[in-house]
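> Kindly generate the complete structure, drawing on both the sequences and the hints.
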Amino acid sequence: MSLTATLLHPSPKLSTPFLHGSSTPFSPLSKPTSSLAFPTPQRLTFLPPIRALKYLQGRVVCATSDKTVAVEVTRLAPHPKYKRRVRKKKKYQAHDPDNQFQVGDVVQLEKCRPISKTKAFLAVPVPAKKSKSKSGEGDAPNELGIPLESLQV
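The numbering of the sequence shown is the numbering used here, which starts it at 20 and goes up by one.
These are computed hints drawn from the structure, not numbers from a lab. Any given hint could turn out to be false.
Claimed, not checked - Dumping the calculated DSBU-like pairs for lysine-lysine here, alpha-carbon to alpha-carbon at most 35 angstroms:
| hint | residue 1 | residue 2 |
| --- | --- | --- |
| 1 | K107 | K138 |
| 2 | K130 | K109 |
| 3 | K108 | K148 |
| 4 | K73 | K149 |
| 5 | K107 | K86 |
| 6 | K73 | K110 |
| 7 | K130 | K86 |
| 8 | K109 | K73 |
Right under this line is the structure:
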């Protein structure tokens, strides 16, 4: 069989839809329909809100306004070039409905609905930490059960 005869009459083994044209019209914009396609994910009807910033802690620096205190929050962050931790300060306006905080008080800021253009935090007193009682120096030796040489007679 000559080369031209092979090209004109391809064998049935080589016949494909691309050689003779496909029975269904092909559109480059049509989506493939396959059983291997991924199922569409079902959307959840309720997603809990993401609250990354719940509270901050800082010191009151200004309490002259009515029902508003200015709180300075200090945090440690790495320096972008030198990678050393440096103090970064930022002032927030917080709502103080009872005017109970004075300059120098340590408060906790809780995120809330916007109260005004600049106020979106509520000032709350810092909860007391549970710590060991420091009544005197005599407590430390008693914890170990061994008296120190300076306390022996």
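> Does each hint fit the structure? Answer for all of them.
Hints versus structure:
1. K107 <-> K138: holds, 20 angstroms
2. K130 <-> K109: Status holds; Cα separation ~16 angstroms.
3. K108 <-> K148: holds, 24 angstroms
4. K73 <-> K149: Holds, because 22 angstroms separates the two Cα atoms, which is no more than 35 angstroms.
5. K107 <-> K86: Answer holds: K107 to K86 is near 26 angstroms, not above 35 angstroms.
6. K73 <-> K110: holds, 17 angstroms
7. K130 <-> K86: Measuring from Cα to Cα gives roughly 16 angstroms; hence the hint holds.
8. K109 <-> K73: It holds: about 16 angstroms lies between the C-alpha atoms, which stays within 35 angstroms.
Of the numbered hints given earlier, the model fails none.
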